[in-house]
Amino acid sequence: MAREPLVLNNRSMGWITDRICGIVENRQPFIWWVLFVPAVALFSCLAFTLVYLVSTGVGVWGNNQPVAWGWAIVNFVFWIGIGHAGTLISAILFLTRQKWRTSVNRASEAMTLIAVMCAGIYPGFHVGRFWMVWFLAPVPNANAIWQNFKSPLLWDVFAVSTYFTISVIFWYIGLIPDLATLRDRAKKKLPKFLYGFFALGWRGGNRHWRHYEMGYLLLAALSTPLVLSVHSVVSFDFATSVVPGWHTTIFPPYFVAGAIFGGFAMVLTLMLPIRKLYGLEDLITHKHVDNMAKIILLTGTIVGYAYIMELFISYYGANKFEADAFHLRILSGPYTWAYYCMFFCNVIAPQVFWWKWCRHNLWVVFIISNFVNFGMWFERFVIIPTTLARDFLPGQWGYYEPSWVEKLMFAGTFGMFFMLFLLFIRFLPVIAVSEVKGVLPEADPHHPDWKRLREKRRQGTA
Amino acid sequence: MSDSTAKATSLFAYVAEFDNATDLYHAAEKVRDAGFRRWDVHTPYPVHGMDAAMGLGKSWLSAVVLVGGTTGFLFALFLQFFTQVSLYPTVVQNKPTNLFTVPAFFPVTFELTILFSGFSILFGLLIWIMLPRWNHPLFNSSLFPKSTDDGFLMVIESRDPKFKKDKTRDFLTEIGAGEIEEVSH
Numbered sequence: 001m002a003r004e005p006l007v008l009n010n011r012s013m014g015w016i017t018d019r020i021c022g023i024v025e026n027r028q029p030f031i032w033w034v035l036f037v038p039a040v041a042l043f044s045c046l047a048f049t050l051v052y053l054v055s056t057g058v059g060v061w062g063n064n065q066p067v068a069w070g071w072a073i074v075n076f077v078f079w080i081g082i083g084h085a086g087t088l089i090s091a092i093l094f095l096t097r098q099k100w101r102t103s104v105n106r107a108s109e110a111m112t113l114i115a116v117m118c119a120g121i122y123p124g125f126h127v128g129r130f131w132m133v134w135f136l137a138p139v140p141n142a143n144a145i146w147q148n149f150k151s152p153l154l155w156d157v158f159a160v161s162t163y164f165t166i167s168v169i170f171w172y173i174g175l176i177p178d179l180a181t182l183r184d185r186a187k188k189k190l191p192k193f194l195y196g197f198f199a200l201g202w203r204g205g206n207r208h209w210r211h212y213e214m215g216y217l218l219l220a221a222l223s224t225p226l227v228l229s230v231h232s233v234v235s236f237d238f239a240t241s242v243v244p245g246w247h248t249t250i251f252p253p254y255f256v257a258g259a260i261f262g263g264f265a266m267v268l269t270l271m272l273p274i275r276k277l278y279g280l281e282d283l284i285t286h287k288h289v290d291n292m293a294k295i296i297l298l299t300g301t302i303v304g305y306a307y308i309m310e311l312f313i314s315y316y317g318a319n320k321f322e323a324d325a326f327h328l329r330i331l332s333g334p335y336t337w338a339y340y341c342m343f344f345c346n347v348i349a350p351q352v353f354w355w356k357w358c359r360h361n362l363w364v365v366f367i368i369s370n371f372v373n374f375g376m377w378f379e380r381f382v383i384i385p386t387t388l389a390r391d392f393l394p395g396q397w398g399y400y401e402p403s404w405v406e407k408l409m410f411a412g413t414f415g416m417f418f419m420l421f422l423l424f425i426r427f428l429p430v431i432a433v434s435e436v437k438g439v440l441p442e443a444d445p446h447h448p449d450w451k452r453l454r455e456k457r458r459q460g461t462a
Numbered sequence: 001m002s003d004s005t006a007k008a009t010s011l012f013a014y015v016a017e018f019d020n021a022t023d024l025y026h027a028a029e030k031v032r033d034a035g036f037r038r039w040d041v042h043t044p045y046p047v048h049g050m051d052a053a054m055g056l057g058k059s060w061l062s063a064v065v066l067v068g069g070t071t072g073f074l075f076a077l078f079l080q081f082f083t084q085v086s087l088y089p090t091v092v093q094n095k096p097t098n099l100f101t102v103p104a105f106f107p108v109t110f111e112l113t114i115l116f117s118g119f120s121i122l123f124g125l126l127i128w129i130m131l132p133r134w135n136h137p138l139f140n141s142s143l144f145p146k147s148t149d150d151g152f153l154m155v156i157e158s159r160d161p162k163f164k165k166d167k168t169r170d171f172l173t174e175i176g177a178g179e180i181e182e183v184s185h
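Top line first, the protein sequences correspond to chains A and B.
Quick note: the first sequence, position 454, residue 454 per the working numbering, numbers continuous.
Quick note: the second sequence, position 98, residue 98 per the working numbering, numbers continuous.
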């Protein structure tokens, strides 16, 4: 049984270049503008709410004792989690030699960078006195005091900054050969100058490719433990506390699996419309969508296992407070609706991917991936405000509702996300051109069949 | 002086186009065996096995990155131990701040190791392959833009000791080149 080809219809390298670079070189379809303008409008809402927050004070948010962490942290973890899929596709699928990653890695890495930027807004601004946020950097602060390196909140600063920096480096190094392609095709002066500048004079010589490949491999090897560590460190914000429902060792793997889960759902949410709009069906094939749906199924099942294990241990374990915490979470507390929403969206809904028909019907995939996006936000909501609303002392119990500022700010981050992603599509190659060429059958000099493939192409496509 | 005028329009290299990766690969083996040193192949993607076909060994960028990562590791440990243990012991909730605080210092150490490794990959790679270099005689070639699209080019520079003006051209045709272009400085 032959393997399904990664590029359908026996497309040539020239076709791949033309199709992908054409997106950047030609006019955008009207729908690009239809999506871009509202995204910019939402982004300006974000800017407004941030200014309002800094000028008025953190009291405009809905968090208070006992729920001191509300939507801000939920959204932070949500966006960081989304970013993890990009790194997984780039790094882990590279190390496991999954050639199909080449069609989706560029866009998912861009998604990672933008998601991490959206996430980073929250730790930056939730401090209240935003002008003191430099206190987080490893330099003595205004009172000549060093940071507490033993705090998970500071580990977070290092983890997320490192993650962002390494992702930018990885994305940029991957872009260099493609920028060179755009440079060589550019006819007008400004694009040629800009693409040429950022392509750094790349010439595609094998003496360069061998160091490039080593660098790429090293980045993939570094990014793998990085992506596993970053969301583990984010989970430490909760796991190293003593709050019942948070203080559990299942958090790091649970968070990492959840991040990959949510991230792949967002990748599909983005890639399914893109492949249709820009005619990339031969490059992002049903096989790619099928593989990503399977990963969603796998990670969703792991997340489901984590939920069930949490419930089991709270029942079976000796910690009375943890038992009560989960009882409140699923049966008697004020947020049980959130728990069931989360459980359905994350565990039940993706189970349809066991059926091949569901994985291959792109509407089903699109709808289920949006269920997952929704559900993963709810997971962080269930973990954070729900748990804080019902902790040790009943006298301390409270209820949390987000204020309009928090809601508008969150919507604004979506505006920023889509605005930046649309700009990415407009100016940069949405698929890794050189990498896709490298996985074509004729790219391999030892491939026995390349002559036959070329003949078929000459007869068929011409 | 005839020297400077000669240099201004002197030949930089022959750029030969090959049909596909397999032909380029076999031609590269022959060029390697013929003893050329100042030459390269230009392809839109890294061709598997081309390093061996050109007689090149593995890339030692990994050594640079090892040094970078170790620097990050040691720097992170130094930063944390110096500031939290030596300079002003930061006792938070009676948690120890001494040589045994390693577990608490592990996440930052891990992240800085990776951060420094990442920077050493970026700068190590760029310095090693001597980029950015926005001007190069190859950009004068009309065949060159194909190498970032779908062409397979071989470039043999004139400063190679075995380079002979027309003989090398014939040699290239012999090993399977199609179009051959003379690129000047």
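Do not take every clue at face value.
[To be verified] Far from chain A, some chain B residues (derived; all Cβ distances over 12 Å): (1) Met-54; (2) Glu-111; (3) Arg-159; (4) Glu-179.
[What the hints assert, rightly or not] In silico lysine-lysine, DSS-like type, Cα no more than 27 Å apart, as pairs: (5) B:Lys-30 - A:Lys-451; (6) B:Lys-146 - A:Lys-320; (7) B:Lys-30 - B:Lys-162; (8) B:Lys-30 - B:Lys-165; (9) B:Lys-146 - A:Lys-456.
Everything labelled a hint here was simulated from the structure, so no lab data went into it.
Beta carbons are placed, not taken as given, at the ideal position from N, Cα and C, and that holds for glycine.
Practice task
Report the numbers of all earlier hints that the structure fails to satisfy, in ascending order.
Solution key: 1, 2, 6
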